[in-house]
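These protein sequence lines are chains A and B, in that order. When we follow our numbering, the leftmost residue of the first sequence carries the number 1, and every step to the right adds one. When we follow our numbering, the leftmost residue of the second sequence carries the number 1, and every step to the right adds one.
These are computed hints drawn from the structure, not numbers from a lab. None of the values given here were measured: they were computed from a predicted structure. One or more of the hints may lead you astray.
To be verified - Derived contacts from chain A toward chain B, CB cut-off under 10 Å, selection only:
(1) 244
(2) 249
(3) 257
(4) 314
Claimed, not checked - Label pairs and their in silico Cβ distance ranges:
(5) A:164 <-> B:8: 53 to 63 Å
(6) A:103 <-> B:4: 46 to 56 Å
(7) B:43 <-> A:138: 51 to 61 Å
(8) A:228 <-> B:126: 26 to 36 Å
(9) A:21 <-> B:30: 54 to 64 Å
(10) B:125 <-> A:336: 18 to 28 Å
(11) B:43 <-> A:266: 30 to 40 Å
(12) A:8 <-> B:126: 35 to 45 Å
(13) A:78 <-> B:91: 35 to 45 Å
(14) B:91 <-> A:207: 51 to 61 Å
(15) A:336 <-> B:91: 49 to 59 Å
(16) A:25 <-> B:51: 29 to 39 Å
As the list claims (entries may be wrong) - Some chain B residues judged to face chain A by a derived CB distance under 8 Å, without partners named:
(17) 22
(18) 24
(19) 96
(20) 114
Beta carbons are placed, not taken as given, at the ideal position from N, Cα and C, and that holds for glycine.
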Amino acid sequence: VTHNPFHQAAAAHTWIRGGRYADGAAWKEWLHFVILGQDFEVIANVNLLGAVPTSPDARLILLVRRGGWRGNVWTTSDLKVLDGGRRLRVGGSEIAWTPRGWRLDLVLPDDGVALHAEILPGAGMRSVPRLPFGAGHEVQWNVLPWARATGEVHVAGEVIPLTDAPAYQDHNHGCFSWGGDFVWEWGAFLPDDAQPAVFSRLLDRSRHRVRAAGLMTWRDGHGDHFYGDLETSHTFRGRWRGPHPLTVPPSLSALVETGAVGIPAQVVVRGHRGHDADTISVTVASAVRLAVPAEADPLATVVVWELTGPATRARVRDGVTRLIDGRAILELVRVRH
Amino acid sequence: VSDTDLHARVDAAFAALAADSPWHLGAIARALLDTVARLEVDEGALRLAAAHEAPVALPGPGPADVTVRTTAAAFRRLITGQETLRDQLRAGALDLRGTPAHLLRVEAAWRAWLHGAVRSPRSAALLQGSHLPCDGPLAG
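With the rest of the complex left out, here is chain B (with noise of 0.2 Å):
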């Protein structure tokens, strides 16, 4: 993944959300705040911030309050419910730097952007997650 195509990528979520799920798009917004956060994609970055009630992407690396650093394998798998984010963070395969209440205001973004993809048709077709194999981990 290259800076250009992650932007792309996050532009045509915000995309979806914004046609689907408006209210969730300023839920993003308003939990990052303030907040700066640097997403970094295997081999490209972007920044997120909150800008007029919405959460805006700027493509490529820069300073930020909090650091995200995944794969795109990674972040398939966590969407797709074959790893948690504890365990990701445990294997190393998520890697998250920054203050306690930064980190708090990524993470509160990161939900409000899941509430409003599981609600919305377009997201679910750009994730293609919607009816995936199960075959994660299994209980007994």
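Next up, chain A with everything else stripped away, as it sits in the complex (with noise of 0.2 Å):
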């Protein structure tokens, strides 16, 4: 194994947690995957509904971006929490933290999308607590902001190779309610090598309030700035008027077929301190959605929308300005009625 400086500092935060301790129904944890290609991306998501203790059910969610999205989601009970954490299997599909990184191997049943890779974190982690979830919960976000994955997806009859494909990862754990009064919105910008960057917003449901706001960078690899409330700034642009969206699963679609309303064309998020700022840019180039019945609301449903697009960053060091280009993707979730 080739000692990867990036590796350890990961894998702290890799297990499985499982809220053995935690208020059971309410317990959510999830790994996320974003694989940003040229020509394709791939998001990938295996999540726990509730704590292990309780035999949860897990869903497990494949997108990939081929021309047009495909994929779908996938709920089971069929799961494992294997090695004290280290490996998670549900149905047919596994991830495990190996000495090298991660190794997925997700194969959606029946819709010919999968995605067999290996993930070598090409990044430091960085670990957010106590992120405001409404009703007083909180959820811990474990990013790896950068890493290189290789391996191929399956989608749509065609085999995908991956050669070293910037791609991003985080793992989440926390209590708290879908359709709860709070909504993220997220977004990783990606380049060719470690410089990448990671935002979010926290806001109130109805999004008047801002929570909490953030902007983390890395400079080859290593931890640079992390921009705190005060220092940040988040602009929406315009808005998306690309075709109409996949949503799944598609057994939730008449419940969200309401078109993109306040979806951004583009979404600018700068950090500034002293003399020091990066300004994200992310130009929306397409988008798909999921959707998951609301646990707080019988008539809710909270959307998920994942937008990628080409993007830069523009990094302002003691007056000199470094440009750097790469790809992004955005999450921003929304409740709708």
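Now that you have both chains on their own, put them together as the hints suggest.
Here it is in structure tokens:
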């Protein structure tokens, strides 16, 4: 195994917690992976719905953009947490943390979509505790902002090879109810080298009040700035007018069929501290959305918009500006009644 | 779909909701209030009304405030996300008739049923719609 200085830092935050001592039904835990290639994109997510001791359901989400988006969400109670939480088996799919990094073998039954990949950490992990998720609930967010993915993606009968594609991963856990008094707006900027940036904003459900905001940057894989609430601004511009987005699962699409109301065409996030600044500009080029029945409201649906597109990072240090090109993913959570 | 088939399917859908999410069954009735809706699917027809905090289905045609006309195939495309309500109304695959006030009540009842169905494993099994291949509209 080649020594990877970022592997050890990530290892502490990889194992599945399972929520053994948490409020069982409210426990949520998920591993999220994003791979942004030049002509394809992959979003993979495995999440636990409820604490492990109560035999929760698990949900596997696998979405691939190759021209258009394809994929689905699959829910099962066939879940096993193995090797002290370092390996998770969901139906015929498996995620494992190995001495090299993540090993993913994810297969959506019946959909012809699969991801077989190794994801090697290429930047330092950061952990953000106690994010406010409404009603006193808090979530811990562990961010591996940049990695390299190698393997293959199967979609619509095609096998797409992955070779050192830029990737993002996070592992999050805590208690909350879908549809509670919160939404998040999150994004990751992935260039070809280890100069990523990750930003987020937590708001109340109606998006009138920001509760927390931040922008984290890395330089050559190492943690750079962490701009906090008072040092960041998030600007949404225009309205995205792309084609009607794929909604998964299809059974919820009739509840969220209204178009991209409130979905921006461009997002600009800026962090500023003294003479230093970072500005991430993302132009939305594609959209897909995940719908989740709200737990906190029987007549509401949570819509998780996944938006991708080209992006730039303008980094200013000591009066010198460097522009870095890349791609970005944005995730905007909305609650629909 | 005959009158009898349609009635059996709607009854089964309400029974699934009664077992898994009775709150939503009440929400359908509260949305309908005093509105009677006639549902015509292929060759079958029934009327929906609210009674005692739950909707009831009466087999066969009859007078109604709202008429909803569709086909079983179009309904399937709707609930699997292949087409939207707007798509179907524009294409004539779905035909709605009634006053705006009555139509809004039926639309609210439809949404209450959908909200219940997506929270009801028995409904998902009935619809077989919880895990269907995604060959619907694709975004670029």
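Going back to the hint list, which numbers does this structure go against? 4, 8, 9, 11, 12, 14, 15, 17, 19
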